[in-house]
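Chains as they are written, first to last, in the numbering used here: chain A, 1 to 116; chain B, 1 to 535.
Hints are not guaranteed to be accurate.
To be verified - To give a feel for the contact side, a few chain A residues facing chain B, derived at Cβ under 10 Å:
| id | residue |
| --- | --- |
| 1 | Y52 |
| 2 | T57 |
| 3 | R64 |
| 4 | A96 |
| 5 | R97 |
As the list claims (entries may be wrong) - Selected chain B positions facing chain A (in silico; Cβ < 10 Å):
| id | residue |
| --- | --- |
| 6 | G28 |
| 7 | M93 |
| 8 | L94 |
| 9 | L204 |
| 10 | L207 |
| 11 | F210 |
| 12 | G212 |
| 13 | L232 |
| 14 | F248 |
| 15 | F249 |
| 16 | V460 |
| 17 | V463 |
| 18 | L464 |
| 19 | Y521 |
| 20 | G533 |
Note that these hints are calculated values from the structure, not bench results. Built from N, CA and C at the ideal position, the CB exists for glycine as well.
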Amino acid sequence: MAQQEITPQQSVGRAEVYRTVQESEAFQQIRRGYRGFVFPATAGFLGWYLLYLVAQTAAPGLMRQQVAGPLNVAWVLGLLQFSSTFVLTWLYARNARTGRDAAALELRWDTQDQLR
Amino acid sequence: MNSAQHGLAVVLFAVIVLVTLGITLWAGRRGQAAEEFYTGGREFSPLQNGLALSGDYLSAASFLGVTGLIALYGYDGVLYSIGFLVAWLVVLMLVAELVRNAGRYTLADVLALRMRQRPVRAAVGSASVVVTLLYLVAQMVGAGSLVALLLGTGGGNGSAKTWAIVGVGALMIVYVTVGGMKATTWIQIVKAVLLVAGSVLLTLLVLVRFHGDLAELMRAAARGSGAGEAFLQPGLKYGTSRVSRLDFFSLGVALVLGTAGLPHILSRFYTVPTARAARRSTVWAIGLIGGFYLMAIVLGLGAAALVGSAAVRAANPAGNTAVPLLAQVLGGGAGSTGGVLLFALISAIAFATILAVVAGLTLASSAAFAHDLFARAWRREDERQVTERQEVAVARIAAVLIGALAIGLSLYAQRLNVAFLVGLAFAVAASANLPTLLYSLFWRRFTTRGAVWAVYGGLVPAVLLVLFSPVVSGSPTAVFPGLDFHWFPLENPGLVSIPAGFLSGWLGTVTSREVADPDKYAELEVRSLTGAGAA
Numbered sequence: 001m002a003q004q005e006i007t008p009q010q011s012v013g014r015a016e017v018y019r020t021v022q023e024s025e026a027f028q029q030i031r032r033g034y035r036g037f038v039f040p041a042t043a044g045f046l047g048w049y050l051l052y053l054v055a056q057t058a059a060p061g062l063m064r065q066q067v068a069g070p071l072n073v074a075w076v077l078g079l080l081q082f083s084s085t086f087v088l089t090w091l092y093a094r095n096a097r098t099g100r101d102a103a104a105l106e107l108r109w110d111t112q113d114q115l116r
Numbered sequence: 001m002n003s004a005q006h007g008l009a010v011v012l013f014a015v016i017v018l019v020t021l022g023i024t025l026w027a028g029r030r031g032q033a034a035e036e037f038y039t040g041g042r043e044f045s046p047l048q049n050g051l052a053l054s055g056d057y058l059s060a061a062s063f064l065g066v067t068g069l070i071a072l073y074g075y076d077g078v079l080y081s082i083g084f085l086v087a088w089l090v091v092l093m094l095v096a097e098l099v100r101n102a103g104r105y106t107l108a109d110v111l112a113l114r115m116r117q118r119p120v121r122a123a124v125g126s127a128s129v130v131v132t133l134l135y136l137v138a139q140m141v142g143a144g145s146l147v148a149l150l151l152g153t154g155g156g157n158g159s160a161k162t163w164a165i166v167g168v169g170a171l172m173i174v175y176v177t178v179g180g181m182k183a184t185t186w187i188q189i190v191k192a193v194l195l196v197a198g199s200v201l202l203t204l205l206v207l208v209r210f211h212g213d214l215a216e217l218m219r220a221a222a223r224g225s226g227a228g229e230a231f232l233q234p235g236l237k238y239g240t241s242r243v244s245r246l247d248f249f250s251l252g253v254a255l256v257l258g259t260a261g262l263p264h265i266l267s268r269f270y271t272v273p274t275a276r277a278a279r280r281s282t283v284w285a286i287g288l289i290g291g292f293y294l295m296a297i298v299l300g301l302g303a304a305a306l307v308g309s310a311a312v313r314a315a316n317p318a319g320n321t322a323v324p325l326l327a328q329v330l331g332g333g334a335g336s337t338g339g340v341l342l343f344a345l346i347s348a349i350a351f352a353t354i355l356a357v358v359a360g361l362t363l364a365s366s367a368a369f370a371h372d373l374f375a376r377a378w379r380r381e382d383e384r385q386v387t388e389r390q391e392v393a394v395a396r397i398a399a400v401l402i403g404a405l406a407i408g409l410s411l412y413a414q415r416l417n418v419a420f421l422v423g424l425a426f427a428v429a430a431s432a433n434l435p436t437l438l439y440s441l442f443w444r445r446f447t448t449r450g451a452v453w454a455v456y457g458g459l460v461p462a463v464l465l466v467l468f469s470p471v472v473s474g475s476p477t478a479v480f481p482g483l484d485f486h487w488f489p490l491e492n493p494g495l496v497s498i499p500a501g502f503l504s505g506w507l508g509t510v511t512s513r514e515v516a517d518p519d520k521y522a523e524l525e526v527r528s529l530t531g532a533g534a535a
């Protein structure tokens with residue numbers, strides 16, 4: 001890999017560049033934008049999926065409750081899992097596109113310029 | 001079953017073999033560089049890679065297996081498929097972009113950025129080979145029975161299965177050694193397009209048959225299943241006892257967390273030029289996979305309604321032929337031209353599915369062996385470095401050896417019940433690969449010892465617990481039904497081994513004497529989120 005050919009002096013310079021970028025406000029904003037969306041969203045969809053799994057066995061009576069036509073609560077929750085997956089995918093892609101893509105790209109060229 | 005449809009199926013199988021070999025030769029003319037072999041040149045578009053991702057993921061076990069489960073067990077089959085889809089949110093949000101930015105060819109590349117390279121590559125490289133090999137044997141044993149079944153040479157005839165396993169194995173070795181990632185990706189794309197087209201066609205035919213009335217479809221399926229109302233309620237398959245419910249929970253957790261640790265899925269993100277393209281290809285994959293599982297519900301219910309669960313079970317106890325049988329009925333019934341045509345067409349798509357998935361697995365396995373183990377983990381710092389040319393040569397040889405090993409194991413296992421292997425592969429990926437990867441990306445204090453402990457602390461319990469579970473001994477459906485040395489009650493180890501992996505990673509980190517290097521974490525964080533210095 002590329003970093004193996006680097007001399008000690010260069011590697012000090014390199015580490016300094018990355019540390020400076022990491023501490024910069026521009027990077028911290030990207031990081032906040034990313035983590036601020038992804039961590040709660042992950043907790044949300046994992047919790048919602050586990051809840052759905054547990055409900056199969058914890059509340060079988062509720063699951064059999066008819067909702068509309070042949071659809072019961074279990075089917076409705078299952079179809080909601082599909083919908084929530086699609087909606088979260090769309091929300092995440094939109095958040096990344098509008099929230100951090102441009103800033104990340106700018107910082108990428110900036111960092112690579114400093115490393116040269 | 002009549003000979004006309006199997007004759008036609010043979011012709012279509014041959015067409016698929018010729019087309020895929022043509023793709024392989026075309027791709028093989030390209031350069032021999034490592035970049036080309038492992039990533040296909042990183043120039044695939046998001047849509048192409050999205051198709052390839054879904055091609056890698058939707059194995060024959062999904063296409064035929066999930067629809068079969070829905071045809072036999074109704075709602076519980078649907079329940080099973082949902083874990084496979086939700087898992088992609090983990091891939092999308094936590095893994096795809098960061099891995100694309102920080103790594104070059106394999107999962108271990110990401111970890112090697114901030115850890116001591118040799119122990120980490122040895123651990124993650126080995127876990128990757130284990131996961132892909134488990135998955136590969138599961139697919140190939142299934143392939144043997146399926147090809148034999150689809151060609152109508154199944155039943156008690158063992159030699160047809162043997163030839164199917166050897167043939168599929170030989171083809172996948174040729175695809176990978178000659179065509180590398182470029183050929184493997186194009187084969188996935190062709191397969192995914194065929195799979196989606198075939199599913200859309202059958203779904204439309206089912207909907208037309210029921211005049212678009214989904215409620216009537218559900219009611220007809222409940223009648224055709226012989227189980228009545230229970231068919232549309234939870235509990236037909238998972239939930240006969242407290243242990244079996246817990247077992248399903250364990251499997252569900254492994255499915256959701258395992259996908260993001262599967263080496264053959266992760267290596268797909270290196271085939272696109274940027275992290276943004278990796279994200280867009282994941283969005284495509286989620287759309288395609290979600291759409292497919294929604295269609296699988298219609299197809300499974302359709303098979304229960306039109307073929308009948310009893311007839312599906314009679315053809316194959318696991319329900320694997322539900323879709324081809326449904327195709328036959330939709331085409332006009334056995335013996336009619338339409339029935340023959342549709343049956344052969346769907347069988348050929350299933351065959352393409354098998355070939356594409358095993359090729360992707362073999363490639364990921366050989367990459368982990370050559371790039372992580374042979375060229376780096378097994379080489380001291382003061383030894384001469386392996387050149388790129390040598391590494392690719394070793395990867396090709398590894399593909400042949402791993403392929404041969406998979407053929408051998410599958411031939412040995414073909415009479416055994418190995419249905420648990422896919423669940424085990426997901427459990428190992430979730431217990432060994434995912435904790436290391438997540439800690440490394442998100443935990444500043446994570447150390448080399450933590451990384452190594454997380455891998456072995458997840459891998460070893462997962463494999464050991466399965467060894468002492470009812471799937472290996474002590475039950476009529478076990479690998480060794482005659483023996484009984486089981487003491488672990490669950491069939492899937494995820495519920496224990498996944499926490500074990502995360503816990504050992506934490507324990508290894510807090511007990512290590514070395515302190516995590518903040519400079520290296522800064523580099524990983526900046527690179528993974530901005531793409532600076534990305535390959």
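Each hint, compared with the structure:
1. Of the supplied interface hints, the one on Y52/A holds, with its beta-carbon coming within about 8 Å of a beta-carbon of chain B, less than 10 Å.
2. Below 10 Å, beta-carbon pairs count as interface contacts, and T57/A has one with chain B at about 4 Å; its hint therefore holds.
3. Of the supplied interface hints, the one on R64/A holds, with its beta-carbon coming within about 5 Å of a beta-carbon of chain B, less than 10 Å.
4. Look at A96/A: its Cβ gets to within about 6 Å of chain B, closer than 10 Å, so that hint holds up.
5. Of the supplied interface hints, the one on R97/A holds, with its beta-carbon coming within about 8 Å of a beta-carbon of chain B, less than 10 Å.
6. Given the 10 Å rule on beta carbons, the hint for G28/B is violated: about 26 Å separates it from the nearest Cβ of chain A.
7. Taking 10 Å as the C-beta cut-off, the interface hint given for M93/B holds, the closest approach to chain A being about 5 Å.
8. Hint status for L94/B: holds, given a least beta-carbon distance of 7 Å to chain A, under 10 Å.
9. Because the closest C-beta pair between L204/B and chain A is about 19 Å apart, greater than 10 Å, the hint is violated.
10. The restraint placing L207/B at the interface with chain A is violated, with a minimum CB-CB distance near 16 Å, outside the 10 Å limit.
11. This hint is violated: F210/B has a C-beta 12 Å from the nearest C-beta of chain A, more than the 10 Å allowed.
12. Annotation: G212/B was flagged as interfacial toward chain A, and the flag is violated, the nearest CB pair being 14 Å apart, outside 10 Å.
13. For L232/B, the interface hint holds, since its Cβ comes within 10 Å of a Cβ in chain A; the closest pair sits about 6 Å apart.
14. Taken as an interface hint, F248/B checks out: its beta carbon lies about 7 Å from the nearest beta carbon of chain A, inside 10 Å.
15. The beta carbon of F249/B comes within 5 Å of a beta carbon in chain A, closer than 10 Å, and the hint placing it at the interface holds.
16. A hinted interface residue such as V460/B counts as satisfied when its beta carbon comes closer than 10 Å to some beta carbon of chain A; here the least separation is about 25 Å, so the hint is violated.
17. A cut of 10 Å between beta carbons decides the hint on V463/B: the least distance to chain A is about 24 Å, and the hint is violated.
18. Checking L464/B against chain A by beta carbon gives a least distance of about 25 Å; that is not within 10 Å, so the hint is violated.
19. Against a cut-off of 10 Å between C-beta atoms, the interface hint on Y521/B holds, since the closest Cβ of chain A lies about 8 Å away.
20. Evaluation of the G533/B hint against chain A yields a held restraint, the C-beta minimum of about 7 Å falling below 10 Å.
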